[in-house]
Every structure is written in C-alpha cells, then in structure tokens.
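Q: Sequence:
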Amino acid sequence: MPVVSIVVPVYNVESYLRPCVESVLAQTMTDWELFLVDDGSADASGAIVREYAARDSRIRGVFQENAGAGAARNRGLELAEGEYVAFLDSDDRYEPEMLETLLAAIRRERADVAACGAIMCWEDGREPEKMPLRAQVLDGTDAVMEHFFRQEQGISGIWNKLYRRDRIGEIRFRPFVRAQDTMFNFEVLSRCGKCVNVSPCLYDYLKREGSLTGESFSPRKMDVVRVWREIWRRTETEFPTLAPAAAEKTVRETDRLLCMGMASGHPAWRALRRELANVHNELYLRQFSGSVPARKRAADALFRVSPELYYRLARRG
Numbered sequence: 000m001p002v003v004s005i006v007v008p009v010y011n012v013e014s015y016l017r018p019c020v021e022s023v024l025a026q027t028m029t030d031w032e033l034f035l036v037d038d039g040s041a042d043a044s045g046a047i048v049r050e051y052a053a054r055d056s057r058i059r060g061v062f063q064e065n066a067g068a069g070a071a072r073n074r075g076l077e078l079a080e081g082e083y084v085a086f087l088d089s090d091d092r093y094e095p096e097m098l099e100t101l102l103a104a105i106r107r108e109r110a111d112v113a114a115c116g117a118i119m120c121w122e123d124g125r126e127p128e129k130m131p132l133r134a135q136v137l138d139g140t141d142a143v144m145e146h147f148f149r150q151e152q153g154i155s156g157i158w159n160k161l162y163r164r165d166r167i168g169e170i171r172f173r174p175f176v177r178a179q180d181t182m183f184n185f186e187v188l189s190r191c192g193k194c195v196n197v198s199p200c201l202y203d204y205l206k207r208e209g210s211l212t213g214e215s216f217s218p219r220k221m222d223v224v225r226v227w228r229e230i231w232r233r234t235e236t237e238f239p240t241l242a243p244a245a246a247e248k249t250v251r252e253t254d255r256l257l258c259m260g261m262a263s264g265h266p267a268w269r270a271l272r273r274e275l276a277n278v279h280n281e282l283y284l285r286q287f288s289g290s291v292p293a294r295k296r297a298a299d300a301l302f303r304v305s306p307e308l309y310y311r312l313a314r315r316g
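Position 26 of the sequence shown, counted from 1, bears residue number 25 in numbering that gives the first Met the number 0, the numbering being contiguous throughout.
If you're looking for bench data, these hints aren't it; they were derived computationally from the structure. All C-beta atoms, glycine included, are put in the ideal place defined by N, C-alpha and C. Accuracy of the hints is not assured; some may be wrong.
What the hints assert, rightly or not - Label pairs and their calculated CB-CB ranges: (1) N280 - G124: 42 to 48 Å; (2) R164 - R296: 45 to 51 Å; (3) R164 - E281: 43 to 49 Å; (4) R251 - R17: 23 to 29 Å; (5) T240 - E96: 51 to 57 Å; (6) L78 - R125: 35 to 41 Å.
All chains should be built: construct the whole structure from the sequences, respecting the hints.
A: Following this line, the structure appears as structure tokens:
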C-alpha cells in the first residue's frame with residue numbers, strides 16, 4: 000500500500016498536464032500513487048493520461064464523463080489507498096521536496112494535516128511571487144478552526160496540504176463551482192486535533208487566463224457566499240465562540256460581490272441582488288461578539304435603506 004495518494008482532476012489541459020505529472024515523478028519521496036482522473040476532456044489530455052499510466056505503474060488513469068473537478072476528486076478519493084492524501088491541480092506543479100517535507104512534518108508532530116507555502120506563477124510572464132506560511136503547530140480542534148477563520152494565506156486551498164486519509168473519511172467535495180476547497184477544508188479541519196504549517200514554498204500555483212479565479216463579477220461567484228453562509232450556520236452549532244468570525248467572513252464576501260455586481264451591469268445581477276442583500280441583512284450585526292460600534296450600526300441602517308448608496312460610500316473608502 001502506498002504512503003501517499005495524489006489526486007489530479009484533468010479537463011482539457013493538454014498544454015499543462017505533462018509538467019504537472021513530471022513534478023510528481025521528480026518527488027524525492029517516491030512511495031506514492033497518482034490518480035489522473037480525466038473528466039471527459041475533448042483535447043489530447045486523455046492520451047497523455049494513458050501515456051503516463053503505461054510508463055509508470057504508480058500512475059493510474061481514470062476516465063469519466065464530464066462532471067466537474069469536485070466529482071473527479073471524489074472519484075480519486077474513492078480509489079485512494081494511501082495513508083495520506085494530497086491534491087494537485089492539473090495546471091500546477093509540486094516542488095521536488097514537497098511530499099517529503101509535508102510527510103516529515105505530519106509524522107513528527109503526529110498531526111492530521113500538514114500545509115506548506117506556495118509560489119504564485121503568472122502565465123503572462125510576471126515575476127513569480129512567494130507566499131510562505133508562518134511555521135506553527137495548531138494543537139486542538141479549536142486552535143485549528145480559529146486559524147481557519149483567520150483565513151491566512153493558503154488555508155482555504157486543498158492544493159498545499161497533506162491529509163491523513165482517515166480524517167477525510169466519508170467527506171467528499173460538494174457540487175459548488177467556486178469555494179469547493181473552502182467547504183472541504185471546513186469539514187475536514189473541524190474533525191482534526193492537530194495541524195502543522197511549514198514555511199517553505201513548495202507548491203507552484205499557476206495563475207492563467209480562463210481559470211475560475213479573478214475579480215470580475217460572475218453569477219457563479221455566488222457559490223462563495225453560499226458556502227460561507229452554510230459554514231456560518233454550522234459554526235453557530237459546532238463552534239459557537241467562532242460564529243462571529245464566520246459571520247464576518249460571510250459579510251465580507253457578500254459585500255465584495257455586491258460591489259462587483261453593482262459595477263458590472265451583468266444581466267443576471269438583478270436576480271442575485273436580493274439574495275446578497277438578504278445575506279447581508281441576516282449576518283451584518285452577528286459579526287460582532289460584543290457591543291456594535293455606532294459607526295457599524297449606521298452603516299447597517301444605510302444598507303437597509305439603500306444598498307446602492309452603501310456601495311458608493313464603500314468605494315470611497
């Protein structure tokens with residue numbers, strides 16, 4: 000049985016897949032299995048998957064009809080046999096020491112999850128940007144979840160982590176277009192007793208055109224708000240002392256999307272405006288664990304009268 004199972008969802012990435020797989024083959028820790036889950040690609044990705052599966056017995060090609068990245072990761076999780084699980088996006092790469100470093104940290108600290116820093120690599124040729132994590136051990140579920148709600152760099156991502164497979168258990172990726180990582184990590188980390196962060200930047204994250212990230216308004220970004228609203232509801236029951244932090248994050252994402260939508264002129268905006276306003280109104284005052292500052296009460300009152308005026312004032316700072 001391999002020590003680490005690596006799951007890569009593959010969809011129309013023929014230009015990126017080879018460097019991705021080669022970065023796994025270059026790992027200094029070699030006791031792994033790699034699942035390349037082709038999610039109904041229409042380009043040469045499937046042929047590349049078959050090529051690598053034929054070259055190395057540790058690589059398994061898995062093929063399914065298009066169902067999205069979450070479904071592809073779920074398929075890999077069902078097949079995984081390793082003691083630990085890692086995820087890798089098909090246009091990204093591991094640094095050679097990534098698995099060895101995370102495995103050493105998770106075993107040394109007897110932790111459930113280990114995470115590392117990342118390198119943002121821009122497809123347009125800009126200088127790569129290092130995003131290190133602060134090295135620390137988070138001991139106890141409350142400490143782990145408090146760290147999660149602080150949303151420090153890389154905490155929501157699944158790609159810079161190594162997970163004990165038994166802590167994942169039956170948890171699977173939910174059918175959101177955006178924020179799948181956030182919900183998955185919330186569910187996994189909420190059952191973890193210890194996590195360890197290491198500072199080295201060992202994951203190369205490619206920022207490219209056509210990815211799901213970006214700052215322009217899109218209706219599919221509503222998933223971010225919906226995910227955080229669900230997290231808030233669960234936190235009220237499971238981690239009540241952290242509920243204000245969950246509410247604050249939900250309001251922040253709601254207002255950010257509200258501002259984007261008002262400026263966009265997008266045809267779907269009118270239908271989504273009411274949902275965003277309802278989330279804001281439900282949670283705005285819940286983000287304060289003590290008394291609400293007068294300025295914040297005034298801002299809340301202004302929003303209820305006119306979200307558009309609230310937005311214009313927010314843009315001014």
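Q: For each hint, tell me whether it holds in the structure or not.
A: Tested hints:
1. N280 - G124: 42 to 48 Å: Cβ of N280 to Cβ of G124: about 44 Å, so the range 42 to 48 Å holds.
2. R164 - R296: 45 to 51 Å: Because 47 Å falls inside the window, the suggested range holds.
3. R164 - E281: 43 to 49 Å: For E281 against R164, whose Cβ atoms are near 37 Å apart, the range 43 to 49 Å is violated.
4. R251 - R17: 23 to 29 Å: violated (39 Å)
5. T240 - E96: 51 to 57 Å: violated (38 Å)
6. L78 - R125: 35 to 41 Å: Holds: the Cβ-Cβ distance is about 37 Å, inside 35 to 41 Å.
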